[in-house]
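First to last, the protein sequences are chains A and B. Numbered as in our numbering, the first sequence ends at 556 without a single skipped number. Numbered as in our numbering, the second sequence ends at 556 without a single skipped number.
For the record, the hints were derived by calculation from the structure and aren't laboratory data. Hints may be right or wrong, so weigh each one.
If several chains are the same, the list does not tell them apart, and a pair holds so long as it fits within one copy or across any two.
To be verified - In silico DMTMM-like links for lysine to aspartate or glutamate, alpha-carbon gap of 25 Å or less:
no.: 1; residue 1: Lys388; residue 2: Glu145
no.: 2; residue 1: Lys219; residue 2: Glu443
no.: 3; residue 1: Lys365; residue 2: Glu40
no.: 4; residue 1: Lys382; residue 2: Glu418
no.: 5; residue 1: Lys447; residue 2: Glu434
no.: 6; residue 1: Lys492; residue 2: Glu391
no.: 7; residue 1: Lys388; residue 2: Glu301
no.: 8; residue 1: Lys367; residue 2: Asp348
no.: 9; residue 1: Lys367; residue 2: Asp109
no.: 10; residue 1: Lys388; residue 2: Glu77
no.: 11; residue 1: Lys367; residue 2: Asp287
no.: 12; residue 1: Lys102; residue 2: Glu368
no.: 13; residue 1: Lys74; residue 2: Glu58
no.: 14; residue 1: Lys492; residue 2: Asp287
2 protein chains.
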Amino acid sequence: MTTTAPASPRSELLQLSPLGDAFHVFDTTLRDGAQREGITYSVADKIAAATLLDELGVGFIEGGWPGAMPKDTEFFARAAAGELKLGSAQLVAFGSTRKAGVRAQDDLQVRALLDSRAPIVTLVAKSDVRHVERALRTTLEENLRMVGDTVAFLVAEGRRVFLDCEHFFDGYRADRDYGLRVAEAAVTAGADVVVMCDTNGGMMPIGLHEVVAQVKERTGFRLGIHCQDDTGCAVANTIAAVQAGATHVQCTANGYGERAGNADLFAVLGNLVVKLGLPVLPPDRLPEMVRVSHALAELANIAPDAHQAYVGSSAFSHKAGLHASAIKVDPELYNHLNPEVVGNDMHILITEMAGRASVELKAKEFGLDLAGLPEVVSKVVDTVKAREAAGWSYEAADASFELLLRDELAAARGEAVTAPFTLESYRVIVERAGNAVQSEATVKVHVGGERVIRTAEGNGPVNALDSALRSALADHLPALDGVELIDYKVRILAGHAGTDSVTRVLVASASTKAAGAPEWTTVGVHTNVVEASWQALVDSLVYALGPTVQSSS
Amino acid sequence: MTTTAPASPRSELLQLSPLGDAFHVFDTTLRDGAQREGITYSVADKIAAATLLDELGVGFIEGGWPGAMPKDTEFFARAAAGELKLGSAQLVAFGSTRKAGVRAQDDLQVRALLDSRAPIVTLVAKSDVRHVERALRTTLEENLRMVGDTVAFLVAEGRRVFLDCEHFFDGYRADRDYGLRVAEAAVTAGADVVVMCDTNGGMMPIGLHEVVAQVKERTGFRLGIHCQDDTGCAVANTIAAVQAGATHVQCTANGYGERAGNADLFAVLGNLVVKLGLPVLPPDRLPEMVRVSHALAELANIAPDAHQAYVGSSAFSHKAGLHASAIKVDPELYNHLNPEVVGNDMHILITEMAGRASVELKAKEFGLDLAGLPEVVSKVVDTVKAREAAGWSYEAADASFELLLRDELAAARGEAVTAPFTLESYRVIVERAGNAVQSEATVKVHVGGERVIRTAEGNGPVNALDSALRSALADHLPALDGVELIDYKVRILAGHAGTDSVTRVLVASASTKAAGAPEWTTVGVHTNVVEASWQALVDSLVYALGPTVQSSS
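Assemble the whole structure, with the sequences as input and the hints as a guide.
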């Protein structure tokens, strides 16, 4: 199934989800979550994030605001062109109602929503009289027409429409009827869901539950909830709204969002599935939560919160003290649920892969059968644990993990693994004189029985090093010819030590000629960013050469 | 007033708080909060933390478990000896009921509670039948006697006693009467407060509210609440309990605690005072929240969470864009409360979409009035747009933005801005031979009329460069002495160009002596990570020197 189904009749859209349409898990990590200070996703990041969210099994992925943000417009275009392959999730475009005094079909921003080819549109509307009058500066009646017209236009064009009622709860306190009239204008025009937004995040559960229940009773509309975390209650408010009758929850991964953030998708899912017993995810997806949470943190370039509910690496770790011995005997007395249910671990979580079963599964993915080799599995688990404790992360570096597996497997079989090349030394110099900055790298390597020395320049130290290394290897390893470095990420680990911290580098590479996957990622870790990069670069090239070359050259 | 009043009659204790005894803000940062992985307070840290909590105006400070933890025993001894001077807060010792089959007065751990000389004792008791039978391994009746005896003994010795009912909510689900019998045993023996603990943190507000209301109705006892954050609902649960009749809340600063942590004191206080209108702190203490929260994070050696409700440095940050002009006119439409109420600030993030309004607002934050200078605003907007298009990002780099504003303002006024130092050249060398990696940097700068050359080593190129630069400037700019690099972030921009991409570096610095804020962030952008880091380092030091030095040296 492709992402976009622009001309689908609405009845068909309603049946696309394998869980049916009874409950909507609506993710807005890529739209509202991107409002968090410091987050700037590339289009490639967005495609990777949407894929992860789809793997988790969310029903709806709000991808951005086409027409308002050029990068979002590009994301929808590339998604529609087939770059984003979704399983069961549906892609949603966000936008606002038409401008005052303009016909919906003439409003460029509304047209951009159609042009995005997203099958579903979330329209944001003002539902607080003060915002209509003081921020939008139009009349209450014109705002209602803006809502009705825009919904009707999009529905006529085959789109399913959800309405985000901005500042709904503040507005309800000020003038409870007006918000309901906005909702009515949308539903009358064909909107499916009225989403009550606590935009300023000032609500708490008992009060919010009461309002949602009242609105449900007065309107009978299908209600959704969107909470900000300014009182530290976004997750609780979301759950309270469901308990009051809402059947559509808008969340962001890890609670990313403006100010104090949004309702955290993972806590909300854990609470809905485990605590309320609502099957809002496809069966057996809950254990994906930890992996998806951490991978999305990686994409946002934010260190995962170890103490995050359900998915934090410390969410089930006990500091001995009071209960140590009792925990050993009876762990279920001391955890609110079995950590495995959400893909977590009671001990300090090293990684998702640290378990024997995951290593075996992962090996199978690479075509390596470890079923009869328990000692190899143990060795790999130990190595991964030790390395992750030192800052490595294999969650996003499959190629480095595959190399590690291959090495351990060869060692177990008594095969000698010969590296395709070895380093004698490198030197990188970065110089600035006046405003001119120059980088130069020299490598001395042994390859194909020869000692090769090459020097290259680059627009940065890593680029220079990469060029010098490729130049040194080119004659002996022509298979590296098509290999290209396509992404490079740097993460400084351990927040409070400044430049003394450990640096983790992830390098993504691609090749049409490589032996393995067409794209792969490798990792390096060191206090020195240049050395960490070197490690990842070397892994990338060794991986590109494939296992045959690796053990025969 | 001293901390400890060992022989005070209980009636006197009840009147000690200036707010009376009607509502208890009970902090357990130093006891339950210290269960968080990685926290280890020294006794001096504990004294400093208790002083901060007292300044904030909490009523009760649980300092630890004397007799069980040697450091806690020492803390109470030094507090009683006069090292801890509290204003209105009272010190609380935590401990457990007597062991099975031992008289309370013969139980060493109970005696240690007396020896601590703390006027108040929180006793933890099992209130879940499964925990009594499977963890404590005694009979249900003996557990009741353990509670009653221990409370009676401590009360007879002049102590005020609160009872923590461990696993109360899980126990209530399993056998609702037993928890109530435990509470009754304590109250009959003279305990003042029955604290319902969600020890495993599995509750959510609607369900918890119902239980608290039932218990309140069935017993009439004074109830307290203690919540863990395993469902992400600890703050909301605490508030829901108060709404159901609890008048004693146990929290930890910044939500520190085992696993996912405890209910965050600051969010709970913000919600109680601002949202529920309960005067649970002495008047005008709420604006101390931000300072106390950050200082306690410092003592725990944990980076403050920028997105924490109420007190996070980004808790009132808006990525503006669409709403900037509306926010300028009407900030209260976009914040759930005036940030100054809790000692915080509204920040406008300068982003791609920022316009003139955001720049003016931001300048006002820095104490620069651009109201009469439209041409300066235009110049800054143009510069920001051009720079952000090239990869700069000012939303997390206020200090670099302030420098930019100052420069444009000085230029508009015809003032010459003299840099405090200028660079002639730098050279950074990273070498690896065998497995040894070395970094060395040389800088040539002009400062205070002199040309200074310095070379330094580091554990990475940026660290070496930073050291060389500081060494070169130290003699002429002693104000830089206290400046410390506290965080360093690297982001590679433009996802599909590999090491050729542009690198953005953010440097966070801190100083107790700096001219501006105590913490500030600067940005640098270049294809070369070393040069980008250099730019951010230079901005950081120039900012630390303040505007006076900048334009006069």
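Results for each hint:
For a Cα distance limit of 25 Å, the shortest separation of Lys388 from Glu145 qualifies neither inside one copy, at 61 Å, nor across copies, at 34 Å. When the C-alpha separation of Lys219 and Glu443 is checked against a cutoff of 25 Å, the pair qualifies neither within a copy, at 67 Å, nor between copies, at 67 Å. For a Cα distance limit of 25 Å, the shortest separation of Lys365 from Glu40 across copies, 15 Å, qualifies, whereas the shortest one inside one copy, 35 Å, does not. Only within a single protomer do Lys382 and Glu418 lie at most 25 Å apart by alpha-carbon distance; the minimum there is 16 Å, versus 67 Å between protomers.
Taking CA atoms no more than 25 Å apart as the test, Lys447 paired with Glu434 passes in both settings, with 21 Å inside one copy and 11 Å between copies. For the identical chains of this complex, Lys492 and Glu391 are neighbours both inside a copy (17 Å) and across copies (20 Å), given an alpha-carbon limit of 25 Å. In the homo-oligomer, the alpha carbons of Lys388 and Glu301 lie at most 25 Å apart inside one protomer (19 Å), although the nearest pairing across protomers, at 27 Å, exceeds that limit. Taking the shortest Cα distances, Lys367 and Asp348 sit within 25 Å of each other inside one copy (12 Å), while across copies they are farther apart (49 Å).
For a Cα distance limit of 25 Å, the shortest separation of Lys367 from Asp109 qualifies neither inside one copy, at 55 Å, nor across copies, at 39 Å. In the homo-oligomer, the alpha carbons of Lys388 and Glu77 lie at most 25 Å apart only across protomers (20 Å), although the nearest pairing inside one protomer, at 40 Å, exceeds that limit. In this assembly of identical chains, Lys367 and Asp287 lie within 25 Å of each other by CA distance solely inside one copy; the values are 20 Å within and 53 Å between copies. Taking CA atoms no more than 25 Å apart as the test, Lys102 paired with Glu368 passes in neither setting, with 52 Å inside one copy and 32 Å between copies.
In the homo-oligomer, the alpha carbons of Lys74 and Glu58 lie at most 25 Å apart inside one protomer (23 Å), although the nearest pairing across protomers, at 48 Å, exceeds that limit. Proximity of Lys492 and Asp287 under a CA criterion of 25 Å is satisfied in neither setting, with 32 Å inside one chain copy and 37 Å between copies.
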